[in-house]
Amino acid sequence: MMSRNDYAKRIRRLEIFSSLFMIIGTLVTLYLGFGLYALLLILVIYVITQVVNYRLMKKCRCSKCGNVDVFTKHLGFTTGVKEQCPNCHCQLHPDQKMPIKK
1 MMSRNDYAKR IRRLEIFSSL FMIIGTLVTL YLGFGLYALL LILVIYVITQ VVNYRLMKKC
61 RCSKCGNVDV FTKHLGFTTG VKEQCPNCHC QLHPDQKMPI KK
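The opening position of the sequence shown corresponds to residue 1 in the UniProt record's numbering, with each subsequent residue numbered one higher.
Everything labelled a hint here was simulated from the structure, so no lab data went into it. Keep in mind that the hints are not guaranteed to be accurate.
Think about it this way: if two alpha-carbon atoms lie no more than 25 Å apart in a straight line, the pair counts; the simulated DSS-like pairs of lysine-lysine are [stated by the list, open to error]:
| id | residue 1 | residue 2 |
| --- | --- | --- |
| 1 | LYS59 | LYS82 |
| 2 | LYS82 | LYS9 |
| 3 | LYS82 | LYS58 |
| 4 | LYS73 | LYS97 |
| 5 | LYS59 | LYS9 |
| 6 | LYS64 | LYS82 |
| 7 | LYS64 | LYS97 |
| 8 | LYS59 | LYS73 |
| 9 | LYS73 | LYS9 |
| 10 | LYS58 | LYS9 |
| 11 | LYS58 | LYS97 |
| 12 | LYS9 | LYS64 |
What follows is a set of in silico ranges between Cβ atoms, one per label pair, in the way DEER data are often shown [stated by the list, open to error]:
| id | residue 1 | residue 2 | range |
| --- | --- | --- | --- |
| 13 | MET2 | ASN87 | 28 to 34 Å |
| 14 | CYS88 | ILE16 | 45 to 51 Å |
| 15 | HIS93 | LEU32 | 45 to 51 Å |
| 16 | CYS88 | LEU32 | 19 to 25 Å |
Ideal placement from N, C-alpha and C gives every residue a C-beta, glycine not left out.
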């Protein structure tokens, strides 16, 4: 079981990895001349990492209203979890372990 703060750390790492991979991969592809297929492959990998990122965010949604926007952001990256839901103002308890929902 992981807490919302643990998920926020994992989401932040995934966001940083996917952004760096997109930038470095594009620059290497253009510099070495791998072509359009390499750019499309990098784009597909980036989209897959963003889908995984959103699925992790859905695990941390508000238990009362289901709002996914419970993370604090700085410069576009997730930095933590808000203390209460911005939609229903329910307390989120960021350090409390969450049960696994399937």
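Tested hints:
| no. | hint | result |
| --- | --- | --- |
| 1 | LYS59 with LYS82 | 15 Å, holds |
| 2 | LYS82 with LYS9 | 14 Å, holds |
| 3 | LYS82 with LYS58 | 15 Å, holds |
| 4 | LYS73 with LYS97 | 22 Å, holds |
| 5 | LYS59 with LYS9 | 14 Å, holds |
| 6 | LYS64 with LYS82 | 15 Å, holds |
| 7 | LYS64 with LYS97 | 16 Å, holds |
| 8 | LYS59 with LYS73 | 17 Å, holds |
| 9 | LYS73 with LYS9 | 12 Å, holds |
| 10 | LYS58 with LYS9 | 15 Å, holds |
| 11 | LYS58 with LYS97 | 15 Å, holds |
| 12 | LYS9 with LYS64 | 23 Å, holds |
| 13 | MET2 with ASN87: 28 to 34 Å | 23 Å, violated |
| 14 | CYS88 with ILE16: 45 to 51 Å | 30 Å, violated |
| 15 | HIS93 with LEU32: 45 to 51 Å | 49 Å, holds |
| 16 | CYS88 with LEU32: 19 to 25 Å | 51 Å, violated |
Against the hints set out earlier in the document, violations occur for numbers 13, 14 and 16.
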